[in-house]
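Enquirer: Here's the letter readout for the chains.
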Amino acid sequence: MKIVIAGGSSQAEFITTMFKGKENQLIIINPDAAEADRILKRCRVPVYVGEPWRKYVLEEAGAYDADIFIALCDRDTDNYASCVLAQRVFNAKKCICLVSNPKNVELYRELGIDSPISSTYLLAETIRSESSVESLIRTLSLDNDKIKIIESVILSRHKIANKKIKEIGFPKYASIAAIYRSHQLIIPNGDIELKPRDTLLIVTATENQRKILNFVQAEAEKK
Amino acid sequence: MRNKTIVVGCGRLGASIASYASSQGEDVIVLDPKKDAFTKLSESFSGYTIACDATEIDELEDAGIRDARELILTTGDDNVNLYLAHLCLAKYNIPYIYVRFDDPEKGFLIQGMPIKAIYPFQLSRDRFSLLQQGDDGE
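Going line by line, the protein sequences match chains A and B. Just so you know, we're using the working numbering here: the first sequence kicks off at 19 and counts up by one. Just so you know, we're using the working numbering here: the second sequence kicks off at 4 and counts up by one.
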């Protein structure tokens with residue numbers, strides 16, 4: 019793989035060490051001469067000094083047709099400009115763009131950057147999924163967070179417990195993809211009865227996540 | 004209503020464009036993160052000045068970007084200008100976008116888009132060659 023690493027200090031060093039090897043061709047570009055020197059000494063790889071958002075720099079560094087272009091500069095707009103240049107002029111197949119403002123993740127994606135990543139954004143995502151585990155729900159996001167696969171455990175106090183799927187009026191905007199029952203996989207159909215401690219795997223659009231969770235976790239009315 | 008002229012960056016170029024547009028009766032809003040920058044505007048400037056960071060989308064929206072008919076990006080950072088030009092075209096579809104680039108090679112990245120570029124250094128150099136040839140342009 020041809021990998022271009024643009025900017026960054028310790029992150030650049032870490033990624034360089036990780037991908038250094040015969041199977042990868044690494045091109046390392048850093049706008050800061052002192053930083054470039056440090057990476058050169060630590061990783062023993064050539065480092066090109068220059069601003070990665072400038073056309074002549076990518077030209078001279080030979081950054082054409084990269085499989086992955088990673089922009090790790092301090093400023094979000096510098097990373098944006100570097101990625102756009104790599105994509106449109108240097109034919110990079112995939113661009114990873116580090117952003118410090120988590121709000122830029124969505125925006126940069128809308129503007130055509132493949133993978134904007136923000137540590138704050140990832141942190142928030144982790145906190146969200148960790149906090150869901152507590153309430154017996156785990157979620158998996160697919161396709162840039164548009165699709166959710168939700169794991170939800172049925173408790174005996176839930177309204178849908180001990181009922182057949184066809185009787186509960188399961189909403190149309192979601193689907194039960196599978197049921198785990200004592201380590202066995204059950205492919206659902208209308209006649210399957212949902213038992214307490216069953217784990218449901220539910221597929222839905224992200225905007226309906228809350229609604230479907232409210233539905234499956236609704237508690238039975240007390241008699 | 005889309006009738007505003009928004010100038011981002013109140014340096015020498017931004018301030019003089021904003022002052023000129025204002026003198027032509029346009030409804031001008033100038034954005035710059037530094038309040039002091041607005042002192043460069045001419046005394047007769049009658050538009051609005053807003054101290055904000057235009058790369059923050061919320062601040063840009065608060066400044067009224069949705070009402071912009073013309074957007075002139077004149078910050079001293081090519082990458083900021085490029086990003087804002089792409090963003091404002093894709094998200095707000097502003098009809099007239101002008102962008103300042105110090106690096107003429109940035110032009111490749113707005114090719115085929117309805118964005119017009121101003122290259123101050125190239126203009127000065129062209130002017131210099133004219134003067135050198137004895138053509139004072141008058």
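In case anyone wonders, no lab produced these hints; they're calculated from the structure. Beta carbons: idealized from backbone N, C-alpha and C, even for Gly. Any given hint could turn out to be false.
What the hints assert, rightly or not - Chain B side only, calculated, beta carbon under 7 angstroms to chain A, not exhaustive:
no.	residue
1	M4
2	G79
3	N82
4	L85
5	Y86
To be verified - Computed footprint of chain A on chain B, listed as stretches where at least three residues anywhere in the stretch have a Cβ under 8 angstroms from a Cβ of chain A:
no.	region
6	48-56
7	90-100
Enquirer: For every hint, state whether the structure bears it out.
Expert: Verification of the hints:
1. For the restraint placing B:M4 at the interface with chain A, the shortest Cβ-Cβ distance is roughly 25 angstroms, beyond the 7 angstroms limit, so the hint is violated.
2. Taking 7 angstroms as the C-beta cut-off, the interface hint given for B:G79 is violated, the closest approach to chain A being about 12 angstroms.
3. A cut of 7 angstroms between beta carbons decides the hint on B:N82: the least distance to chain A is about 4 angstroms, and the hint holds.
4. Taking 7 angstroms as the C-beta contact cut-off toward chain A, the hint placing B:L85 at the interface holds, the least distance being around 5 angstroms.
5. Proximity of B:Y86 to chain A holds as hinted, the smallest CB-CB distance being about 5 angstroms (cut-off 7 angstroms).
6. Taking a C-beta to C-beta cut-off of 8 angstroms, the region 48-56 of chain B contributes 0 residues in contact with chain A, too few for the three needed, and the coverage statement is violated.
7. Judged by the Cβ-Cβ criterion of 8 angstroms, the region 90-100 of chain B is covered by chain A as claimed, because 3 of its residues qualify and three suffice.
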